[in-house]
Amino acid sequence: EDKVVQSPLSLVVHEGDTVTLNCSYEVTNFRSLLWYKQEKKAPTFLFMLTSSGIEKKSGRLSSILDKKELFSILNITATQTGDSAVYLCAPGGTSYGKLTFGQGTILTVHP
Amino acid sequence: DAGVIQSPRHEVTEMGQEVTLRCKPISGHDYLFWYRQTMMRGLELLIYFNNNVPIDDSGMPEDRFSAKMPNASFSTLKIQPSEPRDSAVYFCASRGSREQYFGPGTRLTVT
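Note that the protein sequences, when read in sequence, are chains C and Z.
Residues in the first sequence are numbered from 1 upward in steps of one, following this note's numbering.
Residues in the second sequence are numbered from 1 upward in steps of one, following this note's numbering.
Next comes chain C alone, as it looks inside the complex:
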């Protein structure tokens, strides 16, 4: 059975802080890992990682995938109140795009 563990489960910071969200996984026939952001609505796509390395988006967000150690990290620098959300990690292990979602990290950014 595929497993995904995210940590921490919740995080409270102040604007301007840097945060690191962790995701470890065990997925059969791993193909890709996706990060989603969920505010009080549907999850929205952030990153898709298929190879070990770094991918950046919007400058303040970056993500690393380590396929050897089976984990991924999402970094957010210079946090803003608009970053407050649940961040979901979802590795995929089949060619059909089936994803297994972690329980999420609740990030709260105070002004």
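Misleading hints may appear alongside valid ones.
To be verified - Now the in silico label distances, taken between C-beta atoms and shown as ranges:
1) C:Thr44 / Z:Pro54: 24 to 32 Å
2) Z:Gly3 / C:Asp2: 26 to 34 Å
3) C:Gly16 / Z:Glu14: 30 to 38 Å
Stated by the list, open to error - No farther apart than 20 Å at their CA atoms in a straight line, the calculated lysine to any residue pairs in the SDA-like style are these:
4) C:Lys41 / Z:Ile26
5) C:Lys41 / Z:Met40
6) C:Lys40 / Z:Ser58
7) C:Lys57 / C:Asn22
8) C:Lys3 / Z:Ser58
9) C:Lys68 / Z:Val89
10) C:Lys41 / Z:Gly42
11) Z:Lys24 / Z:His10
12) C:Lys37 / Z:Val89
No lab work stands behind these hints: they were computed from the structure.
Just so you know, even glycine gets a beta-carbon here, dropped at the ideal spot from N, CA and C.
Based on these hints, arrange chain Z on the given structure of chain C.
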């Protein structure tokens, strides 16, 4: 494109009643996914389709749940009879060549 469309957005029903949730995927996407999200269990995959064919329904909790995709632009998730523990947000998502796009969800309350 209008994105993934779900209806209704909110549904309140009494235990024992039949509930039908509807989804219109993004045009051209050949994968469709049904998820359920609760505080306790997070985001769970119920079933997914490829080219209108169900590929994996192992996440469907019981025989009370059924899903159909009669054509490329429409899918339904039916619960009959409904129970209070079915209360959750149900998301539909579709995928083309990369990430999954989520619909706004249907918030189901069974009293």
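To see whether the hints hold, each was checked on the structure:
no. : hint                          : in the structure
1   : C:Thr44 / Z:Pro54: 24 to 32 Å : holds, 26 Å
2   : Z:Gly3 / C:Asp2: 26 to 34 Å   : holds, 27 Å
3   : C:Gly16 / Z:Glu14: 30 to 38 Å : violated, 50 Å
4   : C:Lys41 / Z:Ile26             : holds, 18 Å
5   : C:Lys41 / Z:Met40             : holds, 17 Å
6   : C:Lys40 / Z:Ser58             : violated, 28 Å
7   : C:Lys57 / C:Asn22             : holds, 17 Å
8   : C:Lys3 / Z:Ser58              : holds, 16 Å
9   : C:Lys68 / Z:Val89             : violated, 35 Å
10  : C:Lys41 / Z:Gly42             : holds, 14 Å
11  : Z:Lys24 / Z:His10             : holds, 16 Å
12  : C:Lys37 / Z:Val89             : holds, 16 Å
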